[in-house]
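Q: As a plain string of letters, each chain reads:
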Amino acid sequence: MIDFAMPSLGADMDAGTLVEWFIKPGDAVRRGDIIALVETQKGAIEIEVFQDGRLGDIKVGPGERVPVGTVLATILEPGETVPSPAAETPPSAVEEAAPPAPLSPRPPMPQLEAERAVPAAAPGEAAATRPRITPAARRQAAEKGIDLATVSPGAEGVIGLAEIAAVAAIKPAPAGETRARRPGIDLGEMRKAIAAAMSRSHRDIPHYWVSQTIDLTALFAWLEAENAKRSTAERLLYAAPLIKAVALALKERPELNGHYGEAGFVPAERVHLGIATALRGGGLVAPALHDADSIGLEELMTRLADLIPRARAGRLRSSELSDASATFSNLGEGTSEAIMPLIYPPQVAIVGCGAATLRPFVVGGKVEARRLLTVTVAGDHRVSDGRRASQFLARLDALLQKPEAL
Amino acid sequence: MSTAQERVHLSHEHALRLLREMLRIRRFEEKAAELYSAGKIRGFLHLYIGEEANAVGVMQALTEEDAVVATYREHGHALARGLPMGEVMAEMFGKVNGSSRGRGGSMHIFSAPRRFYGGNAIVGGGLPLAVGLALADRMLGRSCVTACFFGEGAAAEGEFHEAMNLAALWRLPVLFVCENNFYAMGTALAESESNLDIAAHAGVYGVPAEVVDGMDVVAVEAAARRAAHAVRQGEGPRFLEARTYRFRAHSMFDPDLYRDKAEVEAWKERGPILKFHDWALGSGLIHESGVEALEKEIAREVEAAVAFAEGGAWEPVEDLTRYVSTGDEAAA
Amino acid sequence: MSEMRRITYREAVREALREALSRDERVFLMGEDVGAYGGAYACSLGLLEEFGPERIRNTPLAESGFVGAGIGAAMNGMRPIVEIMTINFSLLALDQIVNNAATIRHMSGGQFSVPLVIRMATGAGRQLAAQHSHSFECWFAHIPGIRVVAPALVADARGMLPAALADPDPVVIMEHATLYNVEGEVPADGELAVDLDRAAIRREGTDATIVTYSANVMKALAAAEALAGEAIDCEVIDLRSLRPIDDATILASVRKTHRAVVVDEGWRSVGIAAEISARIQEQAFFDLDAPVERVCSVEVPIPYPSHLEQAAIPQPETIAAAVRRTLRR
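Chains as they are written, first to last, in the numbering used here: chain A, -3 to 402; chain B, 1266 to 1597; chain C, -2 to 326.
No wet-lab data here; the hints were simulated from the structure. Predicted, not measured: the structure shown is a model, and the values here were computed from it. Heads up, the beta-carbon is just placed ideally off N, CA and C, and yes, glycines get one too. No false leads were mixed into what you were given.
Taking beta-carbon pairs under 10 Å as the criterion, some of the chain A residues facing chain B (in silico):
(1) 3
(2) 36
(3) 65
Pairs of lysine-lysine, DSS-like flavour, derived with a Cα cap of 25 Å:
(4) B:1296 with A:38
(5) A:362 with A:398
(6) B:1526 with A:38
(7) A:20 with B:1526
(8) C:253 with A:140
A few chain B positions that, by computed beta-carbon distances, are all more than 12 Å from chain C:
(9) 1557
(10) 1558
(11) 1572
Between the sequences and the hints, there should be enough to build the whole structure, so can you do that?
A: Structure (structure tokens):
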């Protein structure tokens, strides 16, 4: 018994519709006879048989569309008998049949180099915020151990070989030293960068602000006791427990800790708190304090003591400039009570603190003079709502009431 | 390969030879159609069935030194020119043991030993090549003929006219053979030519032309011998228009909507094999027993060709970029 | 080094033709008006008298026909040199060049080679308007199976023809029509054939690499001279071969200078300059100190009036401006 299959009449034919059988089961066929008509994309084509014999079962009836290679009927060779009708396969079985095997054996096709997929282009958002550094400059900076974040861009805002050469000329890196000192901060350029970032923030981010005044009396009492036990160098500033508490509270509110990009909001897995640092002579930079939620207060102090002077000297690492998942802005010393900050894009929240001052506060039904801190959260309304910020502030308050646990 | 005689000598052996050559092409192509339907052969497959008398008749007039340029419907020409059937089949399978290492397929069969300059898939594209081959033969002092086959569709191409003019202008030894099967793919002659007399196209360039019944192998051979003889004598190009018919569609994926079935059937009754077989039997040149033996012999040859193709190797993909420039051939 | 002598580009082509015809009986020249007229650009002037009409073969105006005949003759033992009057007429022969000359070796599984040389005049700059000012070098350079060269210097006009004839595969020689009257030096004697595979550095420099070919080599050199006055030191590379392209020479230079300007008289879109630029960024991205600049023809059919024509094609000034951009100056 021979299978009579839907023929392949061209590389562009993958299926055909049986239109008509010209013969019926039992009829004799001869090699070359036209026995069926098949409709293709190009029109109806008469299909010939390549064997002598008799038509056995018809498996595909008129009107059925089947893939190339599907058995349309069987051809009985001379001497074979027609199977009994009971054994016939119902036509509907064709539809359930597994797809036919590939038509021809193909040689193995190892993927050629030229056919390898090309990686997709970087998203426009990333390109826009990326510093303009030429490939040659990147490589040379790496070779000379120059931190690109310490290099001032040249003409057209580009860091090229000339800019790397200027840095290298001021302080040629001795063997083994990995970082070179930058000649100074170009405050004009920095102001441009702040202008661009804050304009974008104000334009693109729908801000909301939620404030709460927190009583720091307990914290200050604890700090005083702690610092009494420490040498001058080891003393804790109130900013340390404050930063730690902010970081811990952020960790519990992922809607406030992360980045909003082209693909929408992506929460950050870790809390790298940008510490807004005012520069002498103007300007602002907010380098990331990595994993601020999971380091001890002593470590936090050590890191701040390293980070802030470097920020002011313009010697930050590029990761410190790009990694922050939220920003902490503290007016610190002074008399301003509150700050309404703008979010630093692509972050989604900033926590701003006014000065911790003695102010009247109600404690146990009585007005008392307490050391108070007004904390304001600016949130991105595309990602979170005021309720989340309110929960964050409540949690922050609770954390700050138990400083010994920080 | 036959000798360069001006006339046909229709001996018993020669009659059997003509029948054999036509039957070889027919049976080979029937098998090819089957293998195409089974997916063994891919690409375009243009069958010559019905037109066998032309290639077989013309080849009788050529010597081993002569050159042949053919079209994309060239299995018949390749076989009649003496290419081994297995190599032609393997080429259609795309195997390394094919006549062009499988790089060309059905439309691009080449053979340097047979001076077979290929199937050309650009209609009319082979004509200027034939002019150049003949030019070189003339400049090198050889007395060869270049036989150039093309269809009537090519007569509408500019290259046909440029080649005809050049060959006539330079009196080059080209035998132009137009196989007029009346349809350029699906376009009937009357829809593509202002002058239906293709031979007359050659006449305007001063190329002597003859019209011959392309369904009659003896008539084709006789006309080809006369024309080739004249070419060989240095009389410049000659033109044959063989009026013929393909029994099958243009290619495998062609519903044949443009021809009347009755027309096809009428031509089949004049089929070149049928006609010659009956005539030769009737005239006692051949015998039925001889024909039966011939069929068996050819069936075995076709079977062996398929086995040869099946047994051939695929070219390793690492060799993909070879055969582009001289010197990049595979090491093996 | 042997003594040098000064001849024109045209004389160099003619001298190379004469030498080829004298050295090898299989060589013949074929094309429109190559005979009594002496060639549209007078490259074959006098050769008919010397070699006769069989070998200085005038053809009818039938580009596809005589290019195809050249292919057939090359396949059958001859070494034809086919002259196509200008590159615009070569479009009528593209079928033969692309579908036959470039493919037959491959389609025949290596059985037949096509040792054919095709010469054609190219380029703008002579107020010949839109149909006679083309730079279609990239069309030919796109095709595997043919070699494409563009002699810029007189020595290359002299030396590329014998090298092309020695190649067993089809070679297209692009002769910029503005160069025929240019004088230059060629060695006085000895073997003059040149290496077709390699680009040449026509001026060494350290600040930027200008990559170009054909007549624009001279414009690039002029730009480099002007920039030298601004303390910008340019390297100028003459590609010479457009297929294959000598990546090694280009990349070595860009790795040194870190800046590249590609100059091409073809239109900017999808052309040779795009190709060179892509190769540089693929293979020397981390060496670049600026985006690769392209100086190409403006996307307009070449106009007839001189001021518009000159504005449409690369000039030393536009090349110099591109070099300055790579230096952010």
